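Chemist: Sequence:
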Amino acid sequence: MLRPGAPRVLPFGIGLVGPVLTHFGNDEQKATYLDDIRSGEVFWCQGFSEPGSGSDLASLKTRAVLNGDKYIVNGQKTWTTAAHWADWMFTLVRTDPDVKQQEGISFLLIDMKSPGISVRPIITIDGEHMVNEVFIEDVEVPAENLVGEVNKGWGYAKFLLANERTGIAGIGQSKDEFRQLKEIAKTERKNGKPLIEDPLFQSRLAKLEIDLMALEITNMRMLVAEQKAGKPGPMSSILKIRGTEIQQQLAELSMDAVGVYASPWI
1 MLRPGAPRVL PFGIGLVGPV LTHFGNDEQK ATYLDDIRSG EVFWCQGFSE
51 PGSGSDLASL KTRAVLNGDK YIVNGQKTWT TAAHWADWMF TLVRTDPDVK
101 QQEGISFLLI DMKSPGISVR PIITIDGEHM VNEVFIEDVE VPAENLVGEV
151 NKGWGYAKFL LANERTGIAG IGQSKDEFRQ LKEIAKTERK NGKPLIEDPL
201 FQSRLAKLEI DLMALEITNM RMLVAEQKAG KPGPMSSILK IRGTEIQQQL
251 AELSMDAVGV YASPWI
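Each residue of the sequence shown is one higher than the one before, starting from 1 at the first, in my numbering.
Calculated directly from the structure, the hints in this document are not laboratory data. Keep in mind that this is a model prediction, so the values were computed, not measured. Errors might be hidden in some of the hints.
To be verified - Between beta-carbon pairs, the in silico distance windows are:
#1 Gln180 <-> Ser237: 56 to 66 Å
#2 Leu34 <-> Gln102: 53 to 63 Å
#3 Pro51 <-> Ala143: 45 to 55 Å
#4 Gly172 <-> Arg120: 42 to 52 Å
#5 Leu200 <-> Pro97: 53 to 63 Å
#6 Arg221 <-> Pro51: 35 to 45 Å
#7 Asp35 <-> Gln180: 28 to 38 Å
#8 Lys186 <-> Arg221: 29 to 39 Å
#9 Asn67 <-> Val99: 12 to 22 Å
#10 Asp35 <-> Leu200: 23 to 33 Å
#11 Ser55 <-> Gly192: 21 to 31 Å
#12 Arg120 <-> Asp87: 30 to 40 Å
#13 Ser59 <-> Asp211: 31 to 41 Å
Just so you know, even glycine gets a beta-carbon here, dropped at the ideal spot from N, CA and C.
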């Protein structure tokens with residue numbers, strides 16, 4: 001179950017171990033984990049990024065050494081979203097240091113209650129605690145928690161991230177914020193008239209709405225292509241960039257709309 005204090009709505013992406021298990025897990029892993037993932041009874045965090053291994057994720061250094069029927073894992077993960085609430089962590093670990101970086105990585109499932117796991121909060125600039133550092137010291141992980149084949153984890157991670165990007169543009173959230181922005185523009189006034197009647201503001205609002213509609217259509221096109229191909233394509237990466245740009249435009253236009261009331265958040 002979710003740890004005490006965890007929000008009911010959690011960031012998208014941190015539960016995407018499900019598709020990986022569905023495509024690459026064995027029958028026992030599917031039977032053990034998938035139902036609880038679907039129901040939300042068990043919550044997962046994503047152990048990918050490390051200090052010095054963020055954009056260059058393949059350079060990760062967390063090691064997993066097979067010792068009999070278990071792996072001994074040592075390393076550190078960072079920016080781990082909701083690790084302080086998670087029951088399990090799906091983790092990229094290095095199982096072969098002597099080959100090309102991408103070819104020596106495996107995909108491992110780690111129980112967050114395991115001895116040797118410690119979580120340290122990272123408080124972000126907005127004062128929130130959602131991300132963390134995770135320290136892994138001589139943690140014993142059953143060999144049966146390896147997903148797929150040893151040293152094939154990089155391919156599984158790419159599959160997971162491509163699936164994550166299909167929804168990472170945040171279109172639903174942006175549409176909701178856009179509706180709120182229009183309501184604000186109806187009540188705020190400029191030169192004695194509602195702001196929404198101002199030609200310059202109307203032009204900016206219309207452009208933003210068109211961009212948001214285009215992004216939504218692009219997302220739908222990508223989903224149709226994914227259904228035909230059986231896997232996400234490179235278009236999913238575009239959604240992240242464009243979605244972020246639109247969210248920034250929404251924030252700027254909203255601050256302009258509320259004027260001095262935006263000062264505490266600037």
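Chemist: None of the hints should be skipped; say for each whether it holds.
Modeler: Each hint tested on the structure:
{"no.": "1", "hint": "Gln180 <-> Ser237: 56 to 66 Å", "in the structure": "violated (28 Å)"}
{"no.": "2", "hint": "Leu34 <-> Gln102: 53 to 63 Å", "in the structure": "violated (27 Å)"}
{"no.": "3", "hint": "Pro51 <-> Ala143: 45 to 55 Å", "in the structure": "violated (27 Å)"}
{"no.": "4", "hint": "Gly172 <-> Arg120: 42 to 52 Å", "in the structure": "violated (32 Å)"}
{"no.": "5", "hint": "Leu200 <-> Pro97: 53 to 63 Å", "in the structure": "holds (59 Å)"}
{"no.": "6", "hint": "Arg221 <-> Pro51: 35 to 45 Å", "in the structure": "holds (38 Å)"}
{"no.": "7", "hint": "Asp35 <-> Gln180: 28 to 38 Å", "in the structure": "holds (37 Å)"}
{"no.": "8", "hint": "Lys186 <-> Arg221: 29 to 39 Å", "in the structure": "holds (33 Å)"}
{"no.": "9", "hint": "Asn67 <-> Val99: 12 to 22 Å", "in the structure": "holds (20 Å)"}
{"no.": "10", "hint": "Asp35 <-> Leu200: 23 to 33 Å", "in the structure": "violated (54 Å)"}
{"no.": "11", "hint": "Ser55 <-> Gly192: 21 to 31 Å", "in the structure": "violated (50 Å)"}
{"no.": "12", "hint": "Arg120 <-> Asp87: 30 to 40 Å", "in the structure": "violated (18 Å)"}
{"no.": "13", "hint": "Ser59 <-> Asp211: 31 to 41 Å", "in the structure": "holds (35 Å)"}
Hint check: violations occur at hints 1, 2, 3, 4, 10, 11 and 12; the rest are consistent with the structure.
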